[in-house]
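Start from the sequences and build out the full structure, keeping to the hints where you can.
Those protein sequence lines, which keep their order, are chains A and B. Just so we're aligned: 241 in my numbering is position 241 of the first sequence, and the numbers increase by one with no gaps anywhere. Just so we're aligned: 319 in my numbering is position 319 of the second sequence, and the numbers increase by one with no gaps anywhere.
Please keep in mind that the hints were generated in silico from the structure rather than gathered at the bench. Incorrect hints may appear among the rest.
To give an idea of the chain B side of the interface with chain A (calculated C-beta under 8 Å), a few residues [to be verified]:
hint : residue
1    : Val47
2    : Thr58
3    : Asp59
4    : Val136
The beta carbon of each residue, even a glycine, is placed where N, CA and C say it ideally should be.
2 protein chains.
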Amino acid sequence: MKAFADGDRILLSHGGGGLLSRELVERLFLPRLANPALAALDDAGVVALGEQRLALTTDAFVVAPPFFPGGDIGRLAVAGTVNDLAAQGARPLGLTVAFILEEGYPLADLARVTDSLAACAREAGVSVVAGDTKVVPRGQADGIFVSAAGVGLIPAGRCPTGAGARPGDRVIVSGPLGEHGLAVMLGRQGIAFAGEIRSDVAPLNALVEAAYAACADPGAIHAMRDPTRGGLAAALNEIAAASGCAIAVDEAATPVSPEVRAACDVLGLDPLHLANEGKMVFVVAAETTDAVLAALRAHERGRLAAVIGRVTDGAPRVTVRTELGTERLLDVPVGEQLPRIC
Amino acid sequence: MKAFADGDRILLSHGGGGLLSRELVERLFLPRLANPALAALDDAGVVALGEQRLALTTDAFVVAPPFFPGGDIGRLAVAGTVNDLAAQGARPLGLTVAFILEEGYPLADLARVTDSLAACAREAGVSVVAGDTKVVPRGQADGIFVSAAGVGLIPAGRCPTGAGARPGDRVIVSGPLGEHGLAVMLGRQGIAFAGEIRSDVAPLNALVEAAYAACADPGAIHAMRDPTRGGLAAALNEIAAASGCAIAVDEAATPVSPEVRAACDVLGLDPLHLANEGKMVFVVAAETTDAVLAALRAHERGRLAAVIGRVTDGAPRVTVRTELGTERLLDVPVGEQLPRIC
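Written as structure tokens, this is what we have:
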């Protein structure tokens with residue numbers, strides 16, 4: 001097991017969802033907490049209960065500012081948790097929420113966050129059944145942090161996993177990319193662009209149910225990921241690595257709104273690296289692609305869904321065929337685009 | 001629903017487990033998140049899964065210092081979560097852990113916390129199946145915060161709830177009180193007492209199983225609480241309020257170690273208000289008391305278990321018959337003895 005020297009410190013990038021996040025998980029957490037559910041490195045861990053399978057997930061949310069265009073930390077906590085369960089094919093059974101508050105935090109803001117969190121839970125059809133509140137003295141936390149966890153039931157036959165992609169599979173994304181990351185970034189820095197960019201934060205369990213309803217065999221959905229920190233790039237690289245396949249993305253087919261594209265051009269950002277909080281990536285058997293795509297497009301949260309690429313033989317890596325016809329490697333973000341994006 | 005004025009702010013006492021914590025839950029959270037599982041205000045929420053019942057719980061841990069005599073924030077996170085499940089009669093199925101780290105936090109300390117957390121999970125026979133790490137810039141959090149959540153299965157026939165106490169029931173505590181709160185307090189302030197006081201932090205699921213094994217009818221355990229923030233006083237007042245009964249405690253029968261008693265005398269503290277992290281309070285049917293007590297005493301974590309009181313008719317309140325023979329009201333702590341005790 002790796003030992004750490006006195007000088008080794010946590011960097012912002014350790015929380016960024018990119019290369020250093022992965023290193024932290026692989027070198028520090030996995031060897032110590034060794035168990036197969038965690039080692040699968042999926043969005044949720046799976047535990048058996050008799051013949052049934054439960055998915056269990058958690059995320060801490062530290063987004064700054066806690067209220068941003070299109071959402072807030074409460075909606076984010078619920079949607080993020082529901083989406084991690086959905087990415088495992090699970091229907092949510094119950095959620096928990098734990099607040100860490102800084103002394104002096106306005107009660108009206110806490111009420112607003114709680115209202116938003118409750119509304120999102122109703123939208124997803126799930127309840128917050130347990131909670132906790134801790135308060136730390138002024139200056140020892142920044143306003144409000146929210147940790148959420150959830151448990152869900154995985155219906156029989158569903159077995160999506162990051163390791164499930166196979167050559168020939170198609171990659172579908174449920175809608176335009178980059179909105180959450182950009183909305184938080186612009187909201188924080190007070191930059192105004194023509195055409196407001198709002199976070200896409202939304203629960204996707206109903207969308208995932210619609211996708212499954214379109215599959216004669218639920219096993220045809222091989223992998224799902226909600227592309228949060230690190231964006232589509234991180235999600236696809238995780239799938240490629242876990243599956244031992246290459247993934248080829250067609251940039252021209254990848255949905256990005258004109259507003260996000262314009263802002264990315266100005267700021268020098270890649271929309272495929274930006275966080276999403278209301279999009280799902282599906283890796284599906286080729287013959288099921290049309291049915292899943294049609295089902296997604298028929299759902300309000302998937303109207304702009306698109307087939308953006310395919311899984312191929314070859315060393316695990318993700319390539320993008322650009323709109324100019326050239327090919328580039330889509331790497332995991334190495335550094336931190338912006339801390340506290342979710 | 002209560003609206004909050006601009007000037008209303010979070011106080012340290014809102015996180016203290018006492019009166020203001022309760023107000024926050026009742027006025028802000030419950031009306032907004034309204035659902036029966038949460039409204040029960042037990043240590044874990046209960047959700048149905050077909051014929052089965054799952055318990056779901058979460059806690060955020062912000063203890064300072066994160067390493068204290070007898071334990072650390074990692075052991076605390078696992079034990080606290082397992083004990084909340086155990087207080088609902090549930091056997092743990094899986095845990096999740098989310099870290100919020102301050103930029104610059106030593107990786108060696110994170111590894112030490114993770115080792116301790118993993119060891120405690122092994123001790124409790126449960127796995128950490130999902131996790132998350134967020135990093136905030138220097139100065140925006142104090143070192144390390146850990147949120148944990150857990151799901152457990154409640155075997156048929158078990159139905160402990162804070163509202164379950166009935167006149168005639170006996171109150172059992174599984175061992176001496178006040179050790180965790182005092183160990184953290186002294187550890188933080190660098191006060192040395194003769195005879196080191198160490199936190200009792202430990203998972204109690206095996207102890208609770210032993211208690212159930214001693215009951216012919218699992219329904220004979222009417223209520224359980226792990227008396228953490230706010231100590232025995234908060235736990236018993238919660239049970240009295242939820243059950244609509246009075247509880248009479250016999251101070252002479254209440255186990256407190258000589259070291260804790262001496263330190264409390266010097267510092268002017270009431271051991272019944274101090275946090276515990278390895279003790280369970282049982283409210284049991286009178287005729288089952290001896291069997292449960294014997295089972296607890298036969299277990300390494302319950303050797304000093306004692307019957308400390310009984311449930312009586314009357315308005316919900318907790319009274320203590322002192323060793324001098326007088327009677328005093330055991331109130332919920334109003335203020336905050338010390339922030340960041342767990």
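*If any of the earlier hints don't hold here, list their numbers in rising order.*
No numbers; nothing is violated.
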